[in-house]
Amino acid sequence: MSTITKETAPQKKALQTSVRITDDDLYRHSSQYRLWSFTPDSISQIREEINVRATAKVHQDLKVFLESHPELSSEERGAIESKAIPVSTQEELLLIGYFARMILSFAGKMNLPTEVAATAVSFFRKFFLSNSVMEFAPKEMFHTALFFACKSENYFIGVESFAKKAKTTTDAVLKHEFKLLESLNFTLMNHHPYKALHGFFLDIQSVLSGKVDLNYMGQVYTNCKKAISDALLTDAVYFFSPPQITLAILLMEDEALMMRYMQLKFNLGSEIETSKDDSQSVPQADHQNSINAEKLLEVIKSCKAVISEKIIPAKEDAVRITAKLHYCQNPMSVIDRLKRQRETSSAAETPVQTPVQTPVPGDLDTKRQKT
Amino acid sequence: MISRTEYSKEKKVGEGTYAVVYVGTKRSSNRRIAIKEIKTSGFKDGLDMSAIREVKYLQEMQHANVIELVDVFMAQNNLNLVLEFLPADLEMIIKDTSILFTQADIKSWLLMTLRGVHHCHRNFILHRDLKPNNLLLAPDGQLKLADFGLARNMGSPQEFLTSNVVTRWYRAPELLFGAKHYTGAVDMWSVGVIFAELMLRIPYLPGKDDIDQIDVTFRALGTPTDKDWPEISTFGTYNKIQFYPPPSREELRRRFIAATENALSLMSGMLVMNPHKRLDPIQCLTSEYFLELPEPTLPSELPKLNKN
Numbered sequence: 001m002s003t004i005t006k007e008t009a010p011q012k013k014a015l016q017t018s019v020r021i022t023d024d025d026l027y028r029h030s031s032q033y034r035l036w037s038f039t040p041d042s043i044s045q046i047r048e049e050i051n052v053r054a055t056a057k058v059h060q061d062l063k064v065f066l067e068s069h070p071e072l073s074s075e076e077r078g079a080i081e082s083k084a085i086p087v088s089t090q091e092e093l094l095l096i097g098y099f100a101r102m103i104l105s106f107a108g109k110m111n112l113p114t115e116v117a118a119t120a121v122s123f124f125r126k127f128f129l130s131n132s133v134m135e136f137a138p139k140e141m142f143h144t145a146l147f148f149a150c151k152s153e154n155y156f157i158g159v160e161s162f163a164k165k166a167k168t169t170t171d172a173v174l175k176h177e178f179k180l181l182e183s184l185n186f187t188l189m190n191h192h193p194y195k196a197l198h199g200f201f202l203d204i205q206s207v208l209s210g211k212v213d214l215n216y217m218g219q220v221y222t223n224c225k226k227a228i229s230d231a232l233l234t235d236a237v238y239f240f241s242p243p244q245i246t247l248a249i250l251l252m253e254d255e256a257l258m259m260r261y262m263q264l265k266f267n268l269g270s271e272i273e274t275s276k277d278d279s280q281s282v283p284q285a286d287h288q289n290s291i292n293a294e295k296l297l298e299v300i301k302s303c304k305a306v307i308s309e310k311i312i313p314a315k316e317d318a319v320r321i322t323a324k325l326h327y328c329q330n331p332m333s334v335i336d337r338l339k340r341q342r343e344t345s346s347a348a349e350t351p352v353q354t355p356v357q358t359p360v361p362g363d364l365d366t367k368r369q370k371t
Numbered sequence: 001m002i003s004r005t006e007y008s009k010e011k012k013v014g015e016g017t018y019a020v021v022y023v024g025t026k027r028s029s030n031r032r033i034a035i036k037e038i039k040t041s042g043f044k045d046g047l048d049m050s051a052i053r054e055v056k057y058l059q060e061m062q063h064a065n066v067i068e069l070v071d072v073f074m075a076q077n078n079l080n081l082v083l084e085f086l087p088a089d090l091e092m093i094i095k096d097t098s099i100l101f102t103q104a105d106i107k108s109w110l111l112m113t114l115r116g117v118h119h120c121h122r123n124f125i126l127h128r129d130l131k132p133n134n135l136l137l138a139p140d141g142q143l144k145l146a147d148f149g150l151a152r153n154m155g156s157p158q159e160f161l162t163s164n165v166v167t168r169w170y171r172a173p174e175l176l177f178g179a180k181h182y183t184g185a186v187d188m189w190s191v192g193v194i195f196a197e198l199m200l201r202i203p204y205l206p207g208k209d210d211i212d213q214i215d216v217t218f219r220a221l222g223t224p225t226d227k228d229w230p231e232i233s234t235f236g237t238y239n240k241i242q243f244y245p246p247p248s249r250e251e252l253r254r255r256f257i258a259a260t261e262n263a264l265s266l267m268s269g270m271l272v273m274n275p276h277k278r279l280d281p282i283q284c285l286t287s288e289y290f291l292e293l294p295e296p297t298l299p300s301e302l303p304k305l306n307k308n
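In the order they appear, the protein sequences are chains A and B.
In terms of the working numbering, the first sequence opens at residue 1 and continues consecutively.
In terms of the working numbering, the second sequence opens at residue 1 and continues consecutively.
Treat the hints loosely; a few may be bogus.
[Stated by the list, open to error] Taking lysine-lysine pairs in the PhoX-like style, the calculated list, with each CA pair at most 25 Å apart, reads:
1. A:K175 <-> B:K180
2. A:K167 <-> B:K44
3. A:K195 <-> A:K179
4. B:K180 <-> A:K195
5. A:K175 <-> B:K39
6. A:K179 <-> B:K39
7. A:K165 <-> B:K44
8. A:K179 <-> B:K9
9. A:K109 <-> A:K295
Bear in mind the hints are in silico, worked out from the structure with no lab data behind them.
My request is simple: use the sequences and hints to build the entire structure.
Structure below.
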């Protein structure tokens with residue numbers, strides 16, 4: 001090789017690396033980053049505003065209802081006011097979380113690919129970043145989100161067979177599809193942490209070659225995959241990038257392994273001292289990584305904190321909140337309920353009449369759901 | 001909600017199976033735009049997959065050589081994609097015998113095509129329907145990849161992909177063999193065929209049907225053997241095909257008279273049978289062909305359709 005090429009080669013390389021667009025640059029162009037990244041404050045504010053808007057509408061509707069029913073007694077009015085209470089932001093979150101979790105188990109029963117389920121959860125949760133559960137019943141939306149996710153992730157199932165498997169109607173599945181698409185701001189691409197997990201899984205084995213047991217790594221992978229699906233139910237997806245979430249999950253799964261990996265991969269500082277023979281045998285990490293390891297660890301730890309905050313809503317809460325929604329939307333059912341109570345107490349001796357069929361709010365499609 | 005009045009639909013310019021295309025104007029800026037109105041009635045499975053793909057992938061791409069999705073809106077329960085208005089495509093230019101174009105012009109179109117494909121691939125998106133008809137030309141001469149109705153994410157290893165993609169003449173050999181796993185190399189094959197078509201001014205591998213396509217492809221480029229493509233015998237249909245020897249360099253030179261050696265090498269690199277050995281966009285973009293003279297024509301100076 002001539003001296004000229006020897007001299008120009010590094011220059012050329014420097015030029016290329018400074019010009020080349022990184023994966024991080026590309027991620028910053030994604031709709032996931034541009035439209036669906038939030039801070040804890042900004043997302044709370046959005047949810048608050050949605051709740052305020054929907055609450056006002058419920059009050060307005062109730063007012064109209066009461067005005068248009070002057071025949072109602074004060075007792076009946078009182079019953080409506082005590083039963084038809086708009087739900088709080090916190091309650092909305094609980095209900096959304098409950099059904100988002102149900103999407104995962106439902107998708108599992110339908111043998112759908114992990115990514116499809118993850119996208120359905122993402123669609124479903126994003127839908128409620130512009131709509132309230134008081135406006136669209138999560139129970140109706142979750143089939144729509146799942147069906148739409150199948151199409152968007154190239155896993156097509158005909159609507160008829162989908163509805164059959166989901167024990168619902170095709171109309172119900174498709175009814176809010178456009179509204180969903182619109183609420184998603186027409187952005188459908190989801191970058192989930194599963195791909196990052198696969199990448200780190202391979203890289204850990206290469207960086208810690210000969211130092212990790214392959215069967216054990218397989219177990220780590222399986223556990224992490226499941227943990228990622230759980231993490232997708234938290235707000236971590238709005239605050240962190242998919243690889244950050246993956247690293248946090250790996251840290252939660254095996255902290256010692258991850259610290260060791262990060263030490264070698266990103267030249268993470270000396271705070272974690274390894275034994276002497278290790279530092280001798282382990283080749284120094286390549287320093288081309290411009291990643292600030294301390295900063296990265298900090299980010300991962302805060303991500304871990306958000307993931308750890310996950311709440312598993314109880315079925316009773318979901319039933320209670322759904323009842324409130326039901327009474328808000330159908331104030332007449334409060335009256336019907338009251339009437340039935342009166343009848344059963346006044347006519348205790350007479351055989352029980354078949355009551356006018358009123359939807360029972362507890363009738364969630366949750367029988368097979370384990371909480 | 002502003003969108004409904006923001007755009008005017010002036011003239012219907014095309015109708016496909018799932019969409020009607022109008023030319024219109026964006027009122028606030030007076031910009032010419034195209035509106036693709038997605039038909040929504042008559043699809044029993046809700047919103048059509050092609051429409052979903054188009055929206056999904058175009059939203060993620062902002063690049064000079066990929067068609068711009070300006071806006072999306074709903075009106076009367078129809079989905080409307082507002083796209084930049086691109087009045088011509090490469091097929092129209094190739095077919096218009098009154099237009100003369102030079103090696104520098106071909107280089108420019110190929111360069112822009114490769115840049116667009118590179119952008120798709122680095123975003124892990126396969127186009128899966130590259131052909132001259134889908135390479136649109138802006139009034140300023142920029143070439144843009146369009147029609148993402150068949151696009152998808154690059155598959156993960158355990159995923160099965162359908163081989164029934166890409167318009168026949170531009171279909172890579174692995175697809176002709178019905179491969180269930182494939183990569184961005186399928187797009188690169190299409191680009192290679194387009195490159196050949198630009199030089200010949202006629203379609204390079206015009207198969208009459210799917211069976212004939214296999215014959216036409218291998219007659220022109222040689223039947224692959226398991227020596228240069230070890231996995232080839234795993235394809236069920238492989239044993240049934242006619243064996244043709246690959247063309248010699250001299251034969252290629254005779255077929256592509258005006259092509260330089262670097263041009264021939266680049267084209268052959270994109271038309272390698274084994275997808276693992278086929279050139280990727282970066283290899284193409286950094287090839288000698290783009291370093292040698294003539295320099296690619298500036299987009300604004302490229303030949304245009306003679307407006308009637």
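- [ ] Taking the numbered hints from earlier one at a time, note which ones the structure violates and give those numbers from smallest to largest.
- [x] The structure breaks hints 1, 3, 9; every other hint is satisfied.
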